[in-house]
Amino acid sequence: MSRRLLYLLPLLTLALMAGFFAWSLLIGRDPAAIGSVVVGRPAPPLNIPALQEGQAPLTDALFKSGKPVLVNFFASWCAPCLAEHPLFMRLKEREGAIVIGIAWKNKRDEALAWLKRLGNPFQTAGLDLEGKAGLDWGLSGVPETYAVDGNGIVRLHFRGPLIERDLTDSVIPFLKGNTP
Amino acid sequence: MIPELGHFALILALCVALVQGTLPLFGAARGDARLMALAPTAALTQAFLVILAFLALMQAYVASDFSVANVVANSHSAKPLLYKITGVWGNHEGSMLLWALILSIFGAAVAIFGAELPDSLRSRVLAIQALIGVGFLAFILFTSNPFARLAPAPPDGNGLNPLLQDPGLAFHPPLLYLGYVGFSVTYAFAIAALLEGRVDAAWARWVRPWTLAAWCFLTLGIALGSWWAYYILGWGGFWFWDPVENASLMPWLAGTALLHSAIVVEKRDALKSWTVLLAILAFSLSLLGTFLVRSGVLTSVHAFAQDPARGLYILCFLLAVTGGGLTLYALRAPGLQPGGLFQPLSREGALILNNLLLCTLAATVLLGTLYPLFLDLLTGNKVSVGPPFFNATFVPICLALFAALCVGPFLGWKRAELWPALAHLRIAFAVAVVAALVAAFAIDQSSTLAAVAFGFGVWLIVGTLAELATRLRLGRLPLRESLRRLRNTPRASIGMTISHAALGFVVLGAVATGAWHAELIRTLKPGETVSFAGYDVTLQRVDNVQGANYVAERATLAVTRGGKPFTTLLPERRLFVVQRRQVAETAIQTNLLRDFYATLGEGDANTGWTIRLYDNPLAPWIWLGAALCALGGFVSLSDRRLRIGAPTRRRTVQAAE
Chain A
1144 MSRRLLYLLP
1154 LLTLALMAGF
1164 FAWSLLIGRD
1174 PAAIGSVVVG
1184 RPAPPLNIPA
1194 LQEGQAPLTD
1204 ALFKSGKPVL
1214 VNFFASWCAP
1224 CLAEHPLFMR
1234 LKEREGAIVI
1244 GIAWKNKRDE
1254 ALAWLKRLGN
1264 PFQTAGLDLE
1274 GKAGLDWGLS
1284 GVPETYAVDG
1294 NGIVRLHFRG
1304 PLIERDLTDS
1314 VIPFLKGNTP
Chain B
12 MIPELGHFAL
22 ILALCVALVQ
32 GTLPLFGAAR
42 GDARLMALAP
52 TAALTQAFLV
62 ILAFLALMQA
72 YVASDFSVAN
82 VVANSHSAKP
92 LLYKITGVWG
102 NHEGSMLLWA
112 LILSIFGAAV
122 AIFGAELPDS
132 LRSRVLAIQA
142 LIGVGFLAFI
152 LFTSNPFARL
162 APAPPDGNGL
172 NPLLQDPGLA
182 FHPPLLYLGY
192 VGFSVTYAFA
202 IAALLEGRVD
212 AAWARWVRPW
222 TLAAWCFLTL
232 GIALGSWWAY
242 YILGWGGFWF
252 WDPVENASLM
262 PWLAGTALLH
272 SAIVVEKRDA
282 LKSWTVLLAI
292 LAFSLSLLGT
302 FLVRSGVLTS
312 VHAFAQDPAR
322 GLYILCFLLA
332 VTGGGLTLYA
342 LRAPGLQPGG
352 LFQPLSREGA
362 LILNNLLLCT
372 LAATVLLGTL
382 YPLFLDLLTG
392 NKVSVGPPFF
402 NATFVPICLA
412 LFAALCVGPF
422 LGWKRAELWP
432 ALAHLRIAFA
442 VAVVAALVAA
452 FAIDQSSTLA
462 AVAFGFGVWL
472 IVGTLAELAT
482 RLRLGRLPLR
492 ESLRRLRNTP
502 RASIGMTISH
512 AALGFVVLGA
522 VATGAWHAEL
532 IRTLKPGETV
542 SFAGYDVTLQ
552 RVDNVQGANY
562 VAERATLAVT
572 RGGKPFTTLL
582 PERRLFVVQR
592 RQVAETAIQT
602 NLLRDFYATL
612 GEGDANTGWT
622 IRLYDNPLAP
632 WIWLGAALCA
642 LGGFVSLSDR
652 RLRIGAPTRR
662 RTVQAAE
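Residue numbers (my numbering), protein chains in the order written: chain A, 1144 to 1323; chain B, 12 to 668.
Source of the hints: derived by calculation from the structure; they are not laboratory data. Small disclaimer: the values here were computed from a predicted structure and weren't measured. Possibly wrong hints are sitting among the right ones.
To be verified - Keeping only pairs whose Cα atoms sit at most 30 Å apart, straight-line, the calculated BS3-like set for lysine-lysine is:
(1) B/K393 x A/K1248
(2) A/K1210 x A/K1259
(3) A/K1235 x A/K1207
(4) A/K1319 x B/K536
(5) B/K393 x A/K1275
(6) A/K1248 x A/K1275
(7) B/K536 x A/K1210
(8) B/K393 x A/K1207
When you get a sec, could you build the whole thing from the sequences and use the hints?
Structure follows, in structure tokens:
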């Protein structure tokens, strides 16, 4: 009998592989999608000066408040950041979200002028002129947004501008405490 | 009208294949000679019809018939004639038709050369071939029709992917398919043998030439693809462990194992069920490669027509072919009579070791290729498996294989002594150790693995030649007598010697290029000079050139060595106007011992141009070695004992007793 099973082994291997292939095809997986290395891990270290001179620097302490926090990397020179800006205003005003803004490779004056002109959705904003914090966070460009839960664990990572669907599907449920 | 003729020919071919795939099977089961006699006729008819369809598509390409959607999508009237022709298979639909074409030609070849086969075996083989053909023809007709018309016809086409407009790649797919599809014949033989319930020496003798032919073509196809990647992608490397490359390497490894295990079946009547399994696997891995490349399940630098619907079809087809084959295997293989007995230390034992190692290699490649997919599906984690994985797994197993490779041919059948074999190899061993030490201390102190691998390359060459020398008793007998022995050596043995030694050259080239190349990326303005690997390279000027269907920037790089002119390199960066796509045209100066390799990157007169320079020692040996390896296969194929149809009926009866 065990000898018979041995002869069945190739067929079983095939069945297993085919199952994976069919699964992959049927869920419409995009193999080119890049995952995130930070999701599911503690938020990377943060230690950057505040965007507004004279304010306290931004540190990891921001993630230890016990409340969910959104971290948004932006720049005044970035058009998609402009596009997602109203969504952050709404998150702040309607949902009371705590959003930390980080001006990435952006001159201080220009970033401040940008926020002054459009409105400031951020509870605190920091400056990452050299892009070092971006490196720690696995940033590939701006805008990118991370959702960090009350325990300081990164739960969501959006590359590119947030859109309406992201808000309804994941960001607002996340803020309400539904950890994805 | 011609495209419609092609379309109808294809439909007829499908009908013929349906007949050929069913009636002869019944005939063979019932012993009905008339039904069995249908198979060869049907095979020839089917080949004729598919050739007709293929020629019709080729005509549409050559005449730039832009009422055919496939031509519009992949051709352009300004394209050189060669690329109009190769454009036929430079796309999904056309390449599937090429696959069906080669499949039907192989079927016809079995019909013509297989006249000596027993009727039932031949009709079963042809029927299985036809069933595979049904799968492909239906796939083409129902999901990927190359003859679909477009109305109104546009004035001109979109042009062929510029990367494919290259002589190296023009012939890469046909060779590769000759390999992949060639394994369909061994698959058909394996299934037919399982249906007959008999695997014997005669069967192995019939299968081996087909395996050997498929293997030779696959070797050439892979080598050509690797050469193309080397000079057109402009990254200086020759193998990237890309899923598409891996897809072609897996059937090659399984086919190589099959080639060797079939010898054991032929000579010793052992390893039968294993050999049958390998024959099924070699073709299944070919299909798996096709599935991976075309379904969009994996990403790759070779973006092919990626379409989940087609992916699902190929998956079902893969399941039918592989699943059907393996089910039959699970049912019938336990009943195959075990053959000759042998000690672990014997030629048979060595060939089993060879098979184990080759199959482990194939499994390693399979795992490395599919692991990202499995992990992503199970955990959502994205990883990419690249050279570090394969260097850590593939290379050590290869080294074990190389170590055993030279010893195996010295061992006798049934039982053998290890020490006499090793004694024959002591000179080869000494030379290899010296080579590794020289490599370690003179060339490269940092990478021990490279030096060791280099030593193995030398070991393969010298050890293989030592086997030939022993066979000829070179130095023990007068030279004339040795030469007489050489003439009398079977071509199969000569072929083995050539292929094994050629593998050594591939290893040397790969190790030297991979570990000891020099690389420089620098922005140069015209007139500037840079020192590189003992050469001085001056960017003299960058000109604009007009090609047939592209415009290009061409750099003139003057290379001098010690003040004396060495060569002038003219790398180009071509912009294909129709597709708005840029392709680097590498300039390579080779003296067969090293490649001096330059590519031209982005730039302009103010900031300078990015120039990449590579000095790749022994790089040409990789492809020359691979070509030599295939040549060894062809020499072996010309052996009289293996010539198709040579085994007579009388011998069959004896072997089948």
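Structure-based check of all given hints:
1. B/K393 x A/K1248: Holds: B/K393 and A/K1248 sit about 28 Å apart, inside 30 Å.
2. A/K1210 x A/K1259: 27 Å, holds
3. A/K1235 x A/K1207: OK: A/K1235 and A/K1207 at ~20 Å, within 30 Å.
4. A/K1319 x B/K536: Between A/K1319 and B/K536 the Cα gap is close to 58 Å, so the pair fails against 30 Å, i.e. violated.
5. B/K393 x A/K1275: OK: B/K393 and A/K1275 at ~24 Å, within 30 Å.
6. A/K1248 x A/K1275: 9 Å, holds
7. B/K536 x A/K1210: 56 Å, violated
8. B/K393 x A/K1207: Within the cut-off at roughly 28 Å; holds.
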